[in-house]
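Colleague: Taking the hints into account, I'd like the entire structure generated from these sequences.
Line by line, the protein sequences are chains C and G.
Note that this note's numbering gives residue 21 to position 21 of the first sequence, counting from 1, and the numbers run on in steps of one.
With the second sequence counted from 1, adding 406 to any position gets you this note's numbering.
Be careful, since some hints might not be right.
To be verified - Derived lysine-lysine pairs resembling DSSO-like cross-links, with alpha carbons at most 30 Å apart:
(1) G:Lys508 / C:Lys319
(2) G:Lys585 / C:Lys279
(3) G:Lys508 / C:Lys324
(4) G:Lys574 / C:Lys319
(5) G:Lys585 / C:Lys324
To be clear, the hints were calculated from the coordinates, so they are not data collected in a lab.
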Amino acid sequence: MLGKPRWQRPRLDPDEALLGGVGHALATEIGVPALVVRICFVLLAIGGGWGLFVYAAGWLYLRVAPVEAEPYVPDPKGPSETARYLAIGMVTTGLLMLARTIPSQLFSDAIVFSAGLFAIGVLIAWSRGSLSRTESMITRLAVASVFAVVALGLFLALAFSTLAAAVVSGIALAVLGVFGVLLGPTIVRLASDLGQERLNRARADERAVMAAHLHDSVLQTLALVQRHSDNPARTAQLARRQERELRQWLYASAPSTSARSTPSSPQSLRQLLEQLADKVEERHEIPVEVVVVGDSNLPFAVAQPLLGACREALTNAAKHSGAKQIDVFAEAHTDRVEVFVRDTGCGFLPDEVAHDRHGIVDSIAGRMERISGTATIHSTLGEGTEVELSAPLPSSETSENKDNHQ
Amino acid sequence: MIRVALVDDHAVVRAGVRAELEEYFTIVGEAGNVAEAIDVIASSRPDVVVCDVHLPGGNAPAVIRGVVDRGVTSTFLALSVSDAAEDVIAVIRAGARGYVTKTIEGADLVDAVRRVHEGDAVFSPRLAGFVLDAFSADLDGPVDPELDRLTAREQEVMRLLARGYAYKEVARRLSISIKTVETHASSVLRKLQLSNRNELTRWAANRRII
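Modeller: This is the structure in structure tokens:
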């Protein structure tokens, strides 16, 4: 096995190129960001014109790189990133030094500085990448032209006498001003278009999130509903669960309400009851309507038995009453909490329930007694049943509760 | 026959409600947004308007105000999927005579339309819960006992309604006549509409999530 080649002639990547792609190709080969190499080229260009020369030479050399050769990802050269940067810096400095020792007409200050300035302009113009295609071309050309004019002025100023310099700088400034007036509005417009575009993109993103959610939840449910259309109970249950979910999703992202109604703690009476209702609805396929007045946070010691009793009452209603809906009403007072579970089903005679049935005795009355509460059951045959649960709240909770009610 | 107009931005919902009510009432108009609703109601002058809470171009209170400005005296029954207290209380405060959710059974909806037409107030358990919550807040500042408090009896009635009792069951439970229950409900509704308490508004604003 040959393994991948350690070195190939670096390739020009037209997609990444600013000018000819030499900077990017070298940077990839060395293993540093393209910007570093580009800055070096500009520095060299300014400091004696070497940069232009090296760049041109590099471009000619790299142009003929074998395109058909197998894909090649260069290894970063140098033992570490720091070493790579250091090497680049040393090479650049060396070339700069060298440039100063060879005085020549070709690399006169006039040419070097003007060309350097122009190069910077082009670099700036082409590095504004986030615009769309036609707009970016206009902006780039505008910026590049401005720099070209200024560079030309600088060249003329340095190359000829001071009088000429004054005249030329004047002309250059005038041209610059004209460009500013002509292109200013376009550039401003492009900038504001860009802002608009960003806003649109943000909106589109939001819409995408919404669409994704609707797809995951609502559309899936609708599909299920279609499949179960012959089963009304199942359909209703699906619809209801979806409604609950959607509501939660919609309102969960709403700005939070004032500090006094913070039912977000898992111990909140409302939340606990709604979770419970959810579960019962799911398991027994019967709608449970929860109404809570004066929400408050329950201490765990109260919440646990109370919710347990409540679950039992709900389950009994769901299993035995034959009602179409169960109503749960809870009211949190400052010193006690009351929960009513009501159905309009067949009803029963509490006295006639066999004593060995644990449901009511243990699961409801027993639990409530343990927290010094009461459980009362009203039931009329043919009209329905209501389970009334009441539990005192410990005094420490009372003061907190009072705060909730202010 | 009671003349009814339907206002809802979803044609499917309107069609569903129409199908349920058509047999018992004359449907005189339908509208899908606030401006349309005001026009339709002003021209057809229905007895009862069954109105969604959120509409394109505004909400139910905007419709109610617009209609009142044109001198129409139709009765409003809010029919909404929204359980948010803010929405519900806002509609009632604007003058709607009742509020029911869209999951209501067809027969109950028919009954609700009849009752608001007869001048009665229609409370769903949830609305009764809201009312109790709203009026239970402690009051600072000057209080009008006539308007800013519920009497003990009214509270009892509201509690039973919140527990899912129908009016006749409330009447039996409290050993009073249905007529008396209706009177209590109407007076609670009136208090809700007329009470000037800032707490009521603040309460509704604070309880957007129910």
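Colleague: Could you run down the list of hints and mark each one as holding or not?
Modeller: The hints, checked one at a time:
For the suggested pair lysine 508 of chain G and lysine 319 of chain C, the alpha carbons sit about 26 Å apart, so the restraint of at most 30 Å is met. Simply put, lysine 585 of chain G and lysine 279 of chain C have alpha-carbon atoms about 39 Å apart, too far for the 30 Å limit, and the pair is violated. A distance of roughly 16 Å separates the Cα atoms of lysine 508 of chain G and lysine 324 of chain C; the hinted pair therefore holds under the 30 Å criterion. At roughly 26 Å between alpha-carbon atoms, lysine 574 of chain G and lysine 319 of chain C fall within 30 Å of each other, so this suggested pair holds.
For a cut-off of 30 Å, the pair hint linking lysine 585 of chain G to lysine 324 of chain C stands: about 27 Å separates their Cα positions.
Against the hints set out earlier in the document, a violation occurs for number 2 only.
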